[in-house]
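The listed protein sequences correspond, in order, to chains W and X. Residues 1 to 671 (our numbering) are what the first sequence spells out, left to right. Residues 672 to 1342 (our numbering) are what the second sequence spells out, left to right.
These are computed hints drawn from the structure, not numbers from a lab. Each hint can be trusted.
Derived DSS-like pairs (lysine-lysine); straight-line CA-CA distance at most 27 Å:
| hint | chain 1 | residue 1 | chain 2 | residue 2 |
| --- | --- | --- | --- | --- |
| 1 | W | 634 | X | 1305 |
| 2 | X | 1184 | X | 1036 |
| 3 | X | 934 | W | 365 |
| 4 | W | 631 | X | 1339 |
| 5 | W | 338 | W | 348 |
| 6 | W | 634 | X | 1272 |
| 7 | W | 213 | X | 884 |
| 8 | X | 913 | W | 213 |
| 9 | X | 1302 | W | 634 |
| 10 | W | 668 | W | 634 |
| 11 | W | 601 | X | 1302 |
| 12 | W | 337 | W | 348 |
| 13 | X | 769 | W | 655 |
| 14 | X | 726 | X | 913 |
| 15 | X | 1305 | W | 631 |
| 16 | W | 263 | X | 1027 |
| 17 | X | 1326 | W | 98 |
| 18 | X | 1223 | W | 631 |
| 19 | X | 1207 | X | 1126 |
| 20 | W | 668 | X | 1272 |
| 21 | X | 726 | X | 909 |
| 22 | X | 909 | X | 884 |
| 23 | W | 631 | X | 1272 |
| 24 | W | 455 | X | 1326 |
| 25 | W | 356 | W | 536 |
| 26 | X | 1302 | W | 668 |
| 27 | X | 1339 | W | 601 |
| 28 | X | 1305 | W | 601 |
| 29 | W | 655 | X | 1126 |
| 30 | W | 356 | X | 934 |
| 31 | X | 884 | W | 242 |
2 protein chains.
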Amino acid sequence: MDLTALRTAHPDHWSKATAIRALTLDAVAAANSGHSGMPIGMADVATVLFEKHLKFDASAPNWPDRDRFILSAGHGSMLLYSLLHLTGYADMTLEQVKNFRQWGAITAGHPEYGHATGIETTTGPLGQGIANSVGFAMAEEIQRATYGKKAVDHYTYVIAGDGCLMEGVSQEAITLAGRHALSKLIVMWDNNNITIDGTVELSDRTDQVSRFKSAGWAVLEIDGHDPEAIDAALTQAKKGNKPTMIACKTHIALGHAAQDTSKGHGALTDPAQMQAAKEAYGWTTGPFEVPADVKSAWEAIGSRGAQERTAWEARFATLPNSKQDQFNRAYALDAPKKLSATIKAFKKQMSETAPKLATRASSEKVLEVLNPILPETVGGSADLTGSNNTKTADLGVFDLDNRAGRYVYWGIREHGMSAAMNGMALHGGVRPYGGTFMCFTDYARPSMRLAALMKIPTVFVMTHDSIGLGEDGPTHQPVEHLAISRATPNTYVFRPADTIETAEAWEIALTSKETPSVLSLTRQGLPTVRTEHKTKNLSAQGAYVLADAEGKRQVILVASGSEVEIALAARDILQAEGIGTRVVSMPCMELFAQQDEAYRKRVLPGGPVRVGVEAAVRQGWDQWLLGERGKSNKADFVGMDSFGASAPAGTLYEKFGITAQNVAEKAKALL
Amino acid sequence: MDLTALRTAHPDHWSKATAIRALTLDAVAAANSGHSGMPIGMADVATVLFEKHLKFDASAPNWPDRDRFILSAGHGSMLLYSLLHLTGYADMTLEQVKNFRQWGAITAGHPEYGHATGIETTTGPLGQGIANSVGFAMAEEIQRATYGKKAVDHYTYVIAGDGCLMEGVSQEAITLAGRHALSKLIVMWDNNNITIDGTVELSDRTDQVSRFKSAGWAVLEIDGHDPEAIDAALTQAKKGNKPTMIACKTHIALGHAAQDTSKGHGALTDPAQMQAAKEAYGWTTGPFEVPADVKSAWEAIGSRGAQERTAWEARFATLPNSKQDQFNRAYALDAPKKLSATIKAFKKQMSETAPKLATRASSEKVLEVLNPILPETVGGSADLTGSNNTKTADLGVFDLDNRAGRYVYWGIREHGMSAAMNGMALHGGVRPYGGTFMCFTDYARPSMRLAALMKIPTVFVMTHDSIGLGEDGPTHQPVEHLAISRATPNTYVFRPADTIETAEAWEIALTSKETPSVLSLTRQGLPTVRTEHKTKNLSAQGAYVLADAEGKRQVILVASGSEVEIALAARDILQAEGIGTRVVSMPCMELFAQQDEAYRKRVLPGGPVRVGVEAAVRQGWDQWLLGERGKSNKADFVGMDSFGASAPAGTLYEKFGITAQNVAEKAKALL
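Bound conformation, chain W alone (with noise of 0.2 Å):
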């Protein structure tokens, strides 16, 4: 590349431009660590479009109707804390530019949503980003279509590189995008040609362009270091009625040594390579100085959208209160008033009605009950919608002639699903759920755990939690899949055992406002064992007792969803022969280890033996069973040590020995 045309055709924009790749090459060399090339090589896309379209208020930076922007591509995250620096984000100080991955910063290797102002998702795992925009941009229709253009009305922007659009979740994302049309989604490809092993072609020759007009996409390229092919590139984009990829052909690590390498894209330390740069560059300054004029000109930028926002303020003043209240309880994640007499009144007429029902039916109960005081929910099924019970009857279908329908068949794609629900949740003002097959949460795997990582209150609805599966077989019964999921930090897994601890689970899981939620429910049928109504959650203590021992007592069974009915009946006939038997019903291993020692204590004294019942592996029982006053010679567990098999599920229980005699016997050869 001829730097020095690009920089005379347009000096300003070039400045500014190489502000973001000064700084970049700074804070990576600092660090010792990180990657420069990328943020070098897009500095001209994102200049553009923060300067000329994005819609943002540094001073207000969780205006709601803001533009987004996601930075897919995560490794370039000195793309986004230089623009968020140069823009005058209050917390984005120089400071902490300076401390790059350092201890204690809000500039992490990767965008960490939450550390920074700014940053609207965590990326760094591939393909995330672009995943996420997904569900931005559906949130966005949804909350147009309910509150009004007037109210929301805004684009989401993603810059994404060859890793995102390689990973298979990038399939399911713009094919959700195309399926639905989302024309304010507009995905800028960071087309350089460069992965860390080498150039693309070495891994994949795919035609980006015409995969992307497959899914149903509006298709632009351009040359990414020209200002006025960028700025047309992006007015175009805005006006289309599909979501917009922008191929922008640019150079990674522009104007340094390693331009165009696979070098390039990781950290440019050399001190003279990076003095030959900024020569280049025409940059004079030195490290982490940015010219006054051009700090300034970053800074109109920043307050460019100050009146838009007050613009908006002044016609959102005007929807009607109930309106604004409710929006705005739904973006502070706020539980409506009724909820809590909503879910007590549930549970009252359950446990005296008793139903015996599969808890996935029970969370369609549930559901029922919830979504009509929650406008802010969500849900949808990766295309198990009968057998997720996921949806109810209020919802409406989210589609093209419906675009407040807060329904979304996502299609046999659970990874996608989950990516974009939790890009919902960021977005803010909708609260998602979606379900899949218990088994299938490795699918989804990598934004589940990203939804612990940020603190969202995703909620991922697994059924068909065990071999209770049946037929099926084992590639679809999950084993270790509750040992997974609570082994990941800031999780709760819920296996609730009868209708009323799924309403609990319910109730915790849609008022948490830090944390995502599993519910593990069965295929199978499970009666209710919570018959005497208890106004308080017991399931948000974690594990509580059930059914106490009748006389001395000598054992303690611990249990959780369809194995509870199972401890029951085993204590029926230990308390047959004598043997006083407590019946603890753990719906939540997280929650209980939060309660103090002597909740704990009374739940779990020292002195009976244990035996811990769950159709699942016995990895993170342990704790439960020898730790917590336990030994290790007191306690036994009934669960799976194998995969599944193909049967009827009351074949396997026999067969795999999860039955109440076999409870039972290993309780008494404990005594």
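Position chain X relative to chain W; hints supplied.
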């Protein structure tokens, strides 16, 4: 559809295809569960494939040069079981078909590899089969280039449905196949426009033809009920120089009342409707009864390949003996004789020179000595070759002009890589290993689980295995992934402490026949801790005493991988204070659990306090700390109970308290 027209146009074809349809209806009705519509819809395509194209011999199901047939749409398992039964596979008796989905039958709900001959891979989790097929086709290319066309020359055929094509992994698969011009891969898409939730349009409007073309495929479009068109398309597909997708327009549940509906996808068990469908087919025999002439016609198809097989055997016998031996040894998954001695010599040298190396670099050193003596290994990385250290100089790169190359640049496709590696292992003759960052276990999970379920020895090289990754931050730092893989049945998780243990882990992984391995390797440098040479593979015992207590044994520190060094330093602190401390290195929990109790007791005797040390979550550790003669109040753990952070590795270890000082203090607090 006018069934009469179809039937009269090709009566012989029709009766053969109808045998599949009738068996499917009968088996699903007997099981009262399953998926009837897909086998009924694709019966014509499958019949033509088996009759006129698929190279196979039902009497020799494992003939190495057979064509492979992969039912990616695994829910249509009755299609495969019908074909295997009709063509005369000895194990697929009528009794087995009648016991569809029952305990002990080989006819599981979804096809399970290892249950019956002719099942080339386990499918059901959608997208896996088509992604496996890329590995099958690559393995064929590599073997053909290695042994010549007279020994290896076969096709891989796939039937995939809309679900397979919606899953993101299919995009990774088809772009890989296109990149490598895998012309002997032929995918037949069951284009029936139906998913469980409704018509495909409900969730997807992708132009699949254009999508496959953009990935470098040839595409043909046919009527999937016209046997001549099917035959012509397969004939053309076999001649091309690209992978071919044949879009087969079909009617799900053809001829049944549920034809062309999502109800038709499931179990069609209504007796009257079944009877009506059979009448429409002109099928007059009772349940599970195939007319003798139709069965003979199918059996003739099953034996059609016998002559070709004997011809192949004759050709194979002309290969040099050394080549035949290598071919047969690799197919049998037998290790070369030299392997054991090579590992021993390497370990001796390493114990003597005691290098300080990251275990990912140790792994490369091991591969440098093993790859040359194991011509069956095929390595690769998901675009992290230099970071995963998976490439050795001798391998050569698999590419269009070097089909014998044994290194694959998988691109940013962790899931597609893992599924394709499974396909390679299933094809036979090659031993695949591939690398990514351990955190991206999340992306690879669906295929990692299937390797364990299928009992195939795929090797997953997972580097950057803790917060020791440093500045890239929590999105890239695994904390729960050791627990995730350990929770999975039939999986070896190796976390070697130094170069010696890394060599031992590789020896086990590359001699394993039925268990996949996860190698958890560090980014950061580690000292050699096994400085005294032992010829025995100590890691095969799972855990062993690395340094015993001097004086009275009061403390046992149990650690893995990078934390063994920390445990040894803690031992120094404790011994200096006169506290006798044993350090147990535990590179593989699963293998330790398999040792007899006497050995386990020698390593972990009751009495001393125990502290576990691993830079990961505690889940999974309690069995060794509290169990195995341990005590709740005499055990502790030093590790992670949250996500990590972005900072240099040394800082993170300090800040998260994973230090020798902290380990020593925790041990003392328990005394």
